Amino acid sequence: MESIREIRAVLAMELRRALKSGRVIVLLALYSMFSLLVLFVVGGVSSKIREGGGVDAAGGAVALRDRLLGFLFSDDPAMLDALRDIPMVVLIVFQAALLFLPLYVAIMGFDQISGEVGPRSMRYLAVRARRSSVLFGKVAAQAVLLWGLLGVVHLAVFAYAGGTDPDFTLRLAIPTGLKFWLASAVFCLAYLGLTAACSTLFRTPAMSLTCNALVLFAFPLLNFLGSVNTASPTEKGPLSYLGYLSPSHYALDLLHPYLSRFGLSAAALAGFVALFLGIAYGVLRERDL
Amino acid sequence: MSERAIEVEGLIKRFGPKVAVDALSFGVGTGECFGLIGPNGAGKTTTFSILCGFLSATGGTARVLGRDPFRPGALKGKVGVLPQDALLPPSDRVGALLTYFARLSALANPEAEARAALERVGLEASWEAKAGALSHGMAKRVSLAQALMGTPPVVLLDEPTAGLDPKVAAQVRQIIRDMRGRQTVVVSSHNLQELEELCDAAAILDHGRSVQSGSMAELTAQSAEFRIQIARGEVPLDAVRAAPGCVQAALDGGWLVVRFNSQVVAAEDAISQTLGLLLASQVKVLAVSRGRRLEERVLELT
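Residue numbers (the numbering used here), protein chains in the order written: chain A, 1202 to 1490; chain B, 1201 to 1502.
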């Protein structure tokens, strides 16, 4: 009970600090600019395809869309079917965000612990609150902030998609928007955990950020090695399992229409969260402040 | 001796191959003001940091109010700490920061506690100031304010007057004096005159070891030595040496230094009989002081 009170106090202070500092505005601007860029590029290409007109052209556009969906998401027919009615611009922004978000999360929170341990301001907290409360309070603040930013950006993207695609009605947009926001929020948790772990490992924020960036580069590498080592769906090479070590491997199934596939991905990501936060707590618990 | 608020037994702290604290033992009674004394690198701040739960001990035990300070939540609401060189988050406003600390300490009325503590260190006008905009001295006082919030039973102060102007340093010393008897205070400082004035007892550390610990009277040999400053006249050294209980008597500069056995003669009797001998010999006396200065004792031991 006391721990929860401490976490709540840290969370409230961290949110207050974040909202008062310019960092949130800068991060929102960064994410918005990135999303806008993708929106304009994809929106332009989509409208050119639609402007092509004619029955043959429409059939070609559908085929192109399916090929693109297969490339970006999955060849799974159930998945393709679930994504069919969603504007391409939304899907591409989501897919691009999966690449961008881990770095974004790192920029947002790389100094959450190391920024307090380096100048020893952590000592003021450690004498009056459990180290675990400080850690989880800070991570919770990062999560709340990130989910809020994701909400704002998703709202903007879905509003744009609704405005440019007459078939994308409010009735379809609201549940889809919630689903995409939830998928992004769950996906981000694993990277929030990773950022917290990197932040506890070092006393200097610069080192934390460097470590975080190195791990972020390592994950796609694992994914790539895993994919090139898979000769066929039935025949897997020994390195093909490396892909499972990356949280991003589980991201796309968060949109899967089957609850079992979604649940498996969410469970895998929850495992990463537990692992990273466990490392963070273990390091912070034992470290000299 | 009062019940122990702090107990340190065979404490060891290593940083890699370097031994910062080496089998250190001492105790601090409840309500006592205790000094940690020693040159740079003696292990004062390391010991202090272990008592605050900032560092884990490599060996031995440290207990604050019977608790292991490194155990999560062990010191919550029990200990106020003024850490050395810990920066206040620069972008936070002083009032909001102290209220936050008070809330984390689970104090009943966080804002009122924060205001009262800030007033105690004379910085009530800085409530809205950003911590990063404070001078070194002001930041130190804010830091002291957070240590005083909630009147914790144990207060650990690392270099509380370092970098303060004389007036503010005197205020801080008065705050420490006010805590004596009501709270247990541990002060780590290089200012030996200050420690001699404030502390009931102390431990003198050198190379991570306690070279001597005890009451201030024991450390300064108040019950075994006195000094008399001579203005003029021939000191009857033989007569002084022959007095009951006198162990040693010698002239050191303009001072007559007398060591005596306190089991044989009480301090006041030893001083009185020596003064009587001097006055009878027409020796003019300027001053009398009991014991040695703490500084001399520390220089002798470290």
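For the record, the hints were derived by calculation from the structure and aren't laboratory data.
There could be a bad hint or two in this list.
Claimed, not checked - Computed list of chain A residues with no C-beta within reach of chain B, every gap over 12 angstroms:
(1) G1271
(2) F1272
(3) M1280
Stated by the list, open to error - Cβ-Cβ distance ranges computed for the label pairs, FRET-style:
(4) R1377/B <-> G1223/A: 24 to 34 angstroms
(5) P1320/A <-> V1219/B: 19 to 29 angstroms
(6) A1308/B <-> G1352/A: 29 to 39 angstroms
(7) E1207/B <-> S1441/A: 52 to 62 angstroms
All values derive from a computational prediction rather than experimental measurement.
C-beta: ideal position from N, C-alpha, C; glycine also.
Name the hints, by number, that the structure is in violation of. 4
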